[in-house]
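Q: If you read the protein sequences in the order shown, they are chains P and H. With numbering that gives the first Met the number 0, the residue at position 20 of the first sequence is 19, and numbering never jumps. With numbering that gives the first Met the number 0, the residue at position 524 of the second sequence is 523, and numbering never jumps.
Keep in mind the hints are simulated off the structure, nothing from the lab. Just so you know, even glycine gets a beta-carbon here, dropped at the ideal spot from N, CA and C. Be a bit skeptical, because a hint or two may be false.
[What the hints assert, rightly or not] Here are the in silico distance ranges between beta carbons for each label pair:
| # | chain 1 | residue 1 | chain 2 | residue 2 | range |
| --- | --- | --- | --- | --- | --- |
| 1 | P | 153 | H | 119 | 50 to 60 Å |
| 2 | H | 387 | P | 56 | 53 to 63 Å |
| 3 | P | 62 | H | 79 | 25 to 35 Å |
| 4 | H | 775 | P | 132 | 45 to 55 Å |
| 5 | P | 6 | H | 82 | 29 to 39 Å |
[As the list claims (entries may be wrong)] Example chain H residues on the side facing chain P (calculated, C-beta under 8 Å, incomplete):
| # | residue |
| --- | --- |
| 6 | 196 |
| 7 | 382 |
| 8 | 383 |
[Said to hold, decoys possible] Mimicking SDA-like on lysine to any residue, the simulated pairs with C-alpha atoms at most 25 Å apart in a straight line are:
| # | chain 1 | residue 1 | chain 2 | residue 2 |
| --- | --- | --- | --- | --- |
| 9 | H | 561 | H | 608 |
| 10 | P | 1 | H | 119 |
| 11 | P | 4 | H | 740 |
| 12 | H | 21 | P | 67 |
| 13 | P | 1 | H | 21 |
| 14 | H | 424 | H | 740 |
| 15 | H | 704 | H | 296 |
| 16 | H | 21 | P | 117 |
| 17 | H | 303 | H | 117 |
| 18 | H | 14 | P | 74 |
| 19 | H | 21 | P | 156 |
| 20 | H | 21 | P | 74 |
| 21 | H | 21 | P | 20 |
| 22 | H | 664 | H | 715 |
| 23 | H | 303 | H | 428 |
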Amino acid sequence: MKPRKITLEVNGRVRSATAEPRLTLLDFLRYALNLTGTHMGCEHGVCGACTVMFDGLAVRSCLIYAVQADGHDVTTVEGLCNGDGTPGPIQEAFQDAHGLQCGYCTPGMLISAQALLQSTPDPSDDEIREALGGNLCRCTGYAQIIDAVRLAAVSFQGAGG
Amino acid sequence: MSEPGRSNLVHISRKRRVKEDKRFVSGTGCYVQDVVPAGTKHVAVLPSPYPRARILSIDLERAVALDGVNAVVTGEELAEHTAPLPQGLNLPNVVWRPLAVGMARYAGEWVVAVAADSVHIAEDALDLIEVEYDPLPAIIDPELAMSEDAPLVHPEHGSNILYSGVFTWGPVAEDFEAADHQLTFRARWGRSSTVPIETFGVLAAWREGTDTLEIWASIQMPKYAEQIAHALRIPLNSVNVHNDVDVGGAYGVKRGIKHTVLAGYLSRKLGAPVRLIEDRLVNLAGGDAHGPDRIFDTEVAFTKEGIITSLKIRAIDDAGAYPGRGPYQLAKPITAITGPYRINSVHYEAISITTNKTGQVPVRGFGQAPTNFMLETAVDKVAMQLGIDRLEVRRRNFIRSDEFPYTIPSGTAYDSGDYHAVLEKLLDLADYDGLIQTRDQRRSEGMLAGVGIATCLEPSGGNTMFEYLMNPAAEITTFMEACQVRVDAQGGITAIMGTSGAGQGHETLVATILGEELEFDPEDIRVIHADSLAGLPTLAPVASRMAIMLGGAAAGAAQKLKDRVMRIAAHNLGIPITGLEYSGGTVFDRADHARKLSWQEICFIAHNQIHKIPEGLEPGLQAIHVFQVPGGGQLPDDQNRVQLYPCFAFQAHIPLIEIDPGTGKVTIVAYFIAHDCGTIINPDIVRGMVIGGVAQGIGVALYEKFAYTPDGQFISGTFADYVLPSVFEIPYVQVTEHCTPSPLTSHGQKGTGEGGYLGAPAAIASAVNDALAPRGLSLHELPMAMADIEELLNGGDSI
Ligand code: FES
Ligand code: FES
């Protein structure tokens with residue numbers, strides 16, 4: 000099938016590019032837009048390494064075709080940074096709690112945590128687990144990730160949500 | 000050098016951010032998948048659908064003709080131009096190559112590779128290749144593989160036994176004779192692995208202009224460049240491995256030598272960069288990255304007081320079709336074959352078998368985790384048989400803190416420890432009596448509930464002497480690590496290390512130790528990873544060695560650098576070194592603090608003023624230190640006794656679990672750990688390492704298995720079939736620490752990358768068996784899958 004031109008908003012910027020219909024949103028972000036923060040772990044929807052925000056919801060970019068994102072709004076880990084490229088609040092919390100090791104699952108974790116805190120600024124432990132349940136981490140055993148999300152929740156509330 | 004365990008540490012043991020984290024949280028890490036130079040060609044591989052089959056013919060014509068395809072390569076072509084892949088044991092007739100030649104030996108083995116303009120085109124081309132196979136019966140069960148009439152995986156080898164060795168240390172026969180009691184059991188460690196979320200990947204770029212093969216890879220393997228050079232038949236100084244790649248988790252298994260040789264060959268052939276990134280199916284089915292798969296038959300001799308006097312262990316390990324360095328995982332546990340216990344003698348028979356499964360790689364702990372599971376099962380069984388509390392049996396058998404250094408029967412001296420103290424801290428943390436009450440309460444409510452207990456020793460610091468025990472041709476007695484420190488003309492400090500990192504925080508380690516020694520803020524110290532051609536004599540971040548070895552190298556380099564600083568200061572102040580004092584980079588006259596040279600002044604002199612540099616000292620300001628593994632370095636004696644690893648960390652684990660009697664589902668209600676890894680360099684890194692290892696160990700114990708059908712088909716090719724534990728399965732693990740410094744390391748540190756993984760499978764197995772005990776049932780096969788427990792409960796229900 001022929002490549003199609005698509006236009007979408009990524010991290011607040013309108014981007015246009017052509018995409019083959021079989022190209023996943025994951026590969027489109029990584030290789031067409033050079034947003035390499037989003038990672039590939041399984042390409043079958045289990046690991047969550049490819050998680051991005053799609054119209055405000057955390058979704059797996061390996062399960063969406065790029066052409067399906069035409070006209071939609073996508074946020075990747077790069078979009079969580081402040082305007083000057085410095086780490087945003089949730090990224091600061093992950094550093095403070097060392098909620099990571101190799102960093103490979105981290106972009107997906109950050110997106111899932113961000114999506115949680117946007118809808119639930121003061122989550123319970125169960126809500127945190129629920130929100131991270133689709134993101135596998137092989138390094139940390141999750142404890143420091145949970146700590147990081149708790150810490151981020153505090154700073155989100157401090158910043159007025 | 001700082002005193003081990005000294006309490007006035009400024010940076011070491013203090014909470015501080017991990018240097019590496021900033022780039023990872025902002026999505027600016029650089030993993031191998033992010034390295035895609037212009038003109039890169041992409042590789043896809045065609046797997047064998049059969050576990051054992053002769054390859055009769057391969058028709059490439061249609062694939063070659065596809066638009067965008069650059070090369071299609073068979074095993075025969077590759078074999079013509081490359082040497083077989085290096086392996087650990089001396090097995091000239093077990094030939095391992097990236098692509099099968101003449102015969103496929105497991106379902107998933109790579110048969111043909113395509114390089115194309117995109118990975119999609121490469122995958123399309125695979126569909127156009129026609130291979131004619133002659134399928135043959137496969138051998139899957141390692142015990143059946145040992146029988147006379149079993150089909151042979153490598154007929155030229157003449158047997159499916161790759162290695163068989165017997166070791167006897169101490170008076171085993173006498174100890175069994177004299178024992179009040181004996182028991183025998185079988186324990187089985189299932190085929191699993193640490194499976195990082197990032198699959199293995201490599202980008203190889205042959206540069207004709209420099210005659211170099213540039214490699215970016217998600218690798219964690221000693222002597223990677225040497226192995227590439229050997230297999231591609233090019234000089235070692237033509238291979239340049241870029242160690243500044245961030246590796247997305249490794250835990251032992253990132254050993255993609257076959258991928259690299261294939262990509263390197265294709266890059267040279269095409270004159271273009273070539274990228275091979277495993278997809279998940281290729282990774283699980285044909286990455287040659289499975290871990291130990293082990294059957295233990297163990298006999299235990301013990302007194303009526305529960306003192307274990309001797310062990311007879313037979314370990315059969317299924318290395319799959321291509322063993323690589325896998326079989327050495329039977330030898331490494333010899334370094335702690337008696338665990339933390341005072342066991343007088345040991346008989347150990349180690350057997351490595353080849354079957355029609357994907358090959359084996361080293362996994363976190365390098366064989367120690369299965370062995371520890373077996374040992375702890377033995378201790379629980381002794382307690383149960385005698386009706387003595389499991390904790391008490393451990394206390395009675397533990398080496399005492401006043402007995403170190405303590406030499407075990409196989410010849411290794413343990414450096415230090417206080418196992419009794421760690422256990423007591425754990426019981427406090429877990430509120431052990433309360434935990435038992437909770438368990439009993441849950442039992443009275445109809446649940447099956449169990450408290451597990453396991454301890455483990457974590458040999459750390461590496462030392463490859465175990466190789467010699469299995470293969471005397473491997474006379475390798477060093478396993479060094481190096482660090483270079485450079486100070487620039489502005490006084491800025493940059494440290495160079497020679498390997499890549501996979502989340503262990505090596506940059507933080509080096510900066511913290513240099514900061515401590517040179518009295519600078521670690522935040523301001525830059526740490527970089529040299530390419531292999533520009534690099535240092537280093538190996539790899541394996542064997543829980545980096546805190547000890549890279550830490551020791553950094554501390555040594557700091558001392559050498561400081562010595563130069565002092566000499567320049569002495570020369571310019573006209574005061575002997577003994578009259579000087581170093582503080583935060585400034586050098587003072589002890590007698591008169593007004594007389595001093597600042598760090599900036601000294602750096603300026605070193606870089607610019609040869610007339611102010613003492614004779615015999617070269618200009619510039621830098622130092623390299625190569626650190627050798629402390630102790631050891633000797634070959635085994637005539638009893639096969641040898642000092643293996645130098646340092647021994649210790650952990651004790653207690654989980655509380657429940658089993659749903661209807662479904663067999665295990666829920667981990669709580670999990671507690673006390674551990675002692677000597678001086679902690681960075682508390683957050685250590686905690687993460689410990690808990691992360693536990694999570695993987697829980698996976699081993701309950702969920703993870705590379706399963707094959709009896710006729711050899713691989714049925715764990717996705718994450719829906721090979722189940723990694725999520726945040727729902729892993730409880731919030733609570734950890735407490737104890738510190739017995741190692742006398743052998745720069746600051747008393749020991750390794751801590753593996754202990755969680757060594758202890759958790761044993762602890763969960765112990766808990767499950769505690770839960771099953773009231774029903775008179777037991778289970779010693781990992782993983783203890785829900786279906787297995789349910790079957791056991793229904794089939795063996797005695798109520
Ligand atoms: S890569 Fe998308 S869920 Fe794993
Ligand atoms: S930090 Fe490595 S997989 Fe999560």
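Q: Against which earlier hints does the structure fall short, listed by number upward?
A: Hints 1, 3, 4, 5, 7, 8, 11, 12, 13, 17, 18, 21, 23 not satisfied by this model.
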